[in-house]
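Protein chains in written order, with my numbering: chain S, 1 to 676; chain F, 1 to 314; chain P, 1 to 290.
Think of the hints as simulated: they come from the structure by calculation, not from any bench.
Cβ atoms here follow ideal geometry from the backbone N, Cα and C, with glycine treated the same way.
One should not assume that every hint holds.
Claimed, not checked - With beta-carbon atoms standing in for the labels, derived distance ranges: (1) S/A339 - F/R7: 40 to 48 Å; (2) P/R124 - F/F272: 44 to 52 Å; (3) P/R124 - S/A339: 40 to 48 Å; (4) P/L24 - F/F272: 23 to 31 Å.
To be verified - Computed list of chain S residues with no C-beta within reach of chain P, every gap over 10 Å: (5) R346; (6) A394; (7) H441; (8) T627; (9) T642.
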Amino acid sequence: MPLLEVAHLSVDYQTTRGRVRAVNDVTFALERDEVLGIVGESGSGKSTLAQAVMGYRAQGTAATEGSVSFDGTLLLQCRPTELRRIWGRRIAMVHQNPLASLTPTMPVGDQVIETVRQHRGIDAVAARAVMLRSLTAVNLPDAARIAKRYPHELSGGQRQRIMIAIALSLEPDLMILDEPTTNLDATTEAVILDLLEEIKGRLGAAMIYISHNLRVIARIATRVAVMYAGELVESGPVDGILRAPAHPYTRALLACLPRSGMTKRTASLQWIEGELPAQHLRGQGCIFYSRCSARTERCQIAPEWAPVAAGHSVRCWYPQAASAVAAITGAATVGLPSADVVLEARDLAKNFGHRRGAAVRAVSDASLRVPRGSIVGLVGESGSGKSTLLRCIAGLEDPDRGTVRFLGVDLPASVGKRDKAVLRSMQMVFQDPESTLNPAHSVGISLRRHIQAMQGLSATDAQRCVEKALQQVRLDPGYQHRLPRELSGGEKQRVAIARAFLSAPELVLCDEPLSSLDVSVQSAICRLFLDLQGDDHSSYVFVSHDLSIVRYMADSIVVMYLGEVVEEGSAESFDRLPLHPYTEALFSATPDVDPGAISKRVRLQGQVSEADKSRPGCIFSPRCHLTKGPECDAIAPPWQETSERRYRCHWAPEELRALQAASPGAIGATALAGAS
Amino acid sequence: MLRFVLRRLGLLALTLFAVSVLIFSITQILPGDVATMILGMQATPQDLATLRSQLGLDQPAIVQYGKWLGGVLQGDLGVSTRFQRPVTEVLAPALRNSAVLASAGILFAAPLGLALGLICALRRNSPLDYAISSVTIFAAAMPEFVTGGLMIIVFSTWLGWLPPFAGTGSARTLAQSVSELILPVLALSLVILAYILRMMRASAAEVLDSSFVKAALLKGLDRRRVIAFHVLPVAIGPTLSVIALSIGWMAGGLVIVESLFGYPGLGRLLVFVIRNRDIPLLQSIALIIAAVYAMANLCADIGQRMLDPRVGTK
Amino acid sequence: MNARAAPVGVEVLAPPVFGRRYGLRLAVPVAIVAFYLLLAVFGPMAAPYSPTDFNTGPPLTGPTQLHFFGTDGYGRDVFSRVLVGARSILLLSIVATLFGVSAGCAIGMISGYRGGFVDEALMRLVDILLALPGLLLALLILTSLGPSGVNLVIAITIVFVPKSARIARSAILPLRGLGYVEAARLRGARWYSIVFRELMPNVLPELAVEFCLRFAYALLLISSLGFLGFGVQPPTPDWGLMISEARNYVSIAPWTVFFPALAIGIVVVAVNALADALSSTGERRAAQYL
């Protein structure tokens, strides 16, 4: 008998606008040793599903139908007291956003202890021993010290380990992990995933792992269920789903992801047209009907589950119709970088005041060159100063030192002192689509105001300009009259791009413009950026923490760590040449979606620390897995130059090449052992 | 924590200094001549001049202020011009009376407000919540002399249960004193009770909706444990500052309530002092109120820090 | 990640919140406030007696058909005095609130957006003004300026400016670094354009609530000052003053206290209820007006 059987589960919410069905007719079973990955984009109902599976009725739940049977107990029929005996002890949940999910006023150790005592009824001393054991089990060294800390005093990775320790402490039969690594840096995410794999082996607990990220699911899950608009559309073993996806949605989702080795010159990304259908627009038929490129009349009737292979079934009338999906092809007109330089930022430094006596440096002496017609990708983890560098270039932040030379002229530091011609030629696209447009103004007003401020245009000229810009970003002119709240995230970002391109800029600074968007929308916006660049021959500085996107889009890549540029070079050279140890770790932390792809595991020790900035030697050496010797801590590393690349390290290129050619397992193992 | 308290105490001293300057400059432009007020219209110019130099009124304002401040720092609040007695002597009984009234008010309003606020948050949108919430809208809006006046009509005039005046008789039993205090305390504390309750309800409701309470429940913890250890410490924090604000509000309430009930406290003295332009006494009363208010705010901040370790780290 | 999913919450502990009977919550206070505004305009015309005439009937008679609300100690008609009294208090409250809230909000928004030294200095000044409870500050200002309608407006404006400035500042602060503000800076917009054209429209709902709460507070302050004898001066009828004059006959003529108290109570509650209906988080904000 499976551990968990979910049958025809539906969850309705009562909202101010009426009833909304968040989960519809979900059926699946989970064996005792399985890791089920549930993948879905935002709004697919996967978090609601996770809660409903536990028998938890979230606020505003109007009705829950169907049945959930956990080890023979029907959870939906349980009384609260019965549920409390199961929650925590037999089913444990790890929530997304651990900072919000840990009680801020209680030391983290106590939060483990109270769970243990609630279920085991043991005394405080014994519970404390269990707590210390669980903290050690999640690789938190010095558990006694960490147990006394409050959640806000820990790093994101440490907090998530605490959440996992709470879940582990009672050795549950089932762990439900709801986006546990979302919002963590890639290197931290990789370490947490390692930990979960290790726990899975040791504990033998079943897991449900929920994520929007197919790469993560591919790494951790043994079986995958794909969720779309509240329904499961496909489910099967991880290899089957990734190698031979049967549902058009799964196939399209996989085609949205740039694979390793893919660049804008060699392949084109797909995207899924349209948006997740609004509740009232969902018909009786297939839930994917409105966006499916292979739909037929038959699809207006809801399809049944059809088996495609052993343990692999799909909810589609055409389970084998792989070729019927019209691939959206045609590479973007890719702009070619030329020799002359649009932007040259030299030795920019920005210091954000003092915290506890130590100067907090966001950017220290970073330089950046942007050749005309090129895309420069700027990568690094949070706190690396990549956004601050961008804002210093834009003049939104006054740098303490350094110059910005743009189109052959040195610019005033502050945007307020730059003349209109410069403003027109340098524009920016921001990260958060929710705040990029003024919610009080319609799209048309926002855009017209923007262009009229920079260019003395008549009302009709401005109007024409706005319509043209909307057309460029593939939005209907009718969108002018809409308010931002009537747009989806992707549409808002399109309008923001239209705003940046109104004045035909030479340089567009993009500050993580894709990171808040779903994969299927992301690839469409990515394509839009490439097309616009091809048409206008403009240049981009493209900041992202998503390496696969940057490797796909950029002509050259700049890697930042703790406010310093540690490596830069042409994008294709990053596949071949030796890499700065930090870059190596960053790249290896991004799992590939292709099953079986062997990736070298380089894991970083410790965490980003402001204190490292004031060190005399290399800022990265405290976390480096390839430390050369005492000089790393004492002497600032020199720039090592090769034809296509330069990086700051004490290792020369040949030495690094030899080191990195050594067994990946060995490096991974040593680094893993010390990882925290 | 100690550094925080010391820094805040320093800031408090600075604020009080600024307030004393403010009060002094306001009183400087008061119309009317103090000497004339004391001696009456018939006084000879000679007498007036003598009194002025006695009181130091002929000196420039800044010198007067300096002298006054010097006295205050040595614990000498000066001499009341109206009563011709040391300010401390006039103030002491009024201060004691007001302290009784105000502490009774806050001791009534704060615990009740916190408890009812939590109950309302736990039973959101139940008939009980609607009833309490509607009553608080009324209670929070009404000026004290209106609620006080209506209560006098109901409880003294119609029902005859409680006396309409307070603190007037001389030989009184304890029971009499207590029954005299009931109406003034109610009138004084109704508004702040409503505010504390509403704040507690809002902040507890917010905490109840938070992810960490959901996480605590999903750990299988007892409902009572979740409320006591996960909801309350976080929810009370913001309410503490409202309690501190209530103490400031009560200073105004005291003026009204004491005038309404004829209660011999600081508030009624203040009105008397303003009418008679007794500047040393006025200065002292205003400064005492500002100091109590500032101390209340400081205590609230300290309490918030002790409850929630996040406060002050951002 | 789940943008469309319903808010996470705790039904196990507390039932859901939904705005029930929202229309009614807005309509009733609006109707009452409108009625009072009508009173302020037409009250004197509707009054059966002159509010200042002595001995319109025997002193201290209870409500009769001639005197709906009875008469006071001088034989003045309480009904007429309540009707006529509406004008001064409503007019003064509205004017003082307009001045105080608009000046305060402008200062707060500019200070909040621009930040830096000016912001720091302004906020310290606000702290000092707020160190004295509102009624006390108003009392002090009124005693130095002397009681009159204009001075009442000045005093209340001074009391309101620092409070409104704080509210507006904290409303602006979280918006300061948002994308649309940065975009405006990138097109060369100046600070005043950003504050008043980009930011203000987004905080208007909050400012409207602030205005309502302050208006209620102004009514309360003016009537309280009137009660203490520092507000509107006789012979103009004033609700607060009427109560304090009638205080001594409350045991024999409760109507002389009851009707003016009711008149104040209803309008203050209505304005508060209006603010409550306008803001979803009214409770939190309401606390700031203490």
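Here is how each hint holds up against the structure:
The hinted range of 40 to 48 Å is not satisfied by S/A339 and F/R7, whose Cβ atoms lie roughly 58 Å apart. Here the CB-CB span from P/R124 to F/F272 is close to 33 Å, at odds with the stated 44 to 52 Å. For P/R124 paired with S/A339, a C-beta distance near 56 Å fails the hint of 40 to 48 Å. Distance hint check: the CB atoms of P/L24 and F/F272 are about 47 Å apart, inconsistent with the given range 23 to 31 Å.
The beta carbon of S/R346 is kept farther than 10 Å from every beta carbon of chain P, the shortest such distance being approximately 22 Å. For S/A394, the condition that its CB be more than 10 Å from all CB atoms of chain P is violated, with the nearest at approximately 6 Å. A beta-carbon of chain P comes within 10 Å of the beta-carbon of S/H441; the shortest separation is about 7 Å. In this structure S/T627 is separated from chain P by more than 10 Å, as the shortest Cβ-Cβ distance comes to about 38 Å.
Every beta carbon of chain P lies more than 10 Å from that of S/T642, the smallest distance being close to 37 Å; the non-interface claim holds.
Hints 1, 2, 3, 4, 6, 7 from the list above are not met by this structure, while the remaining hints are.
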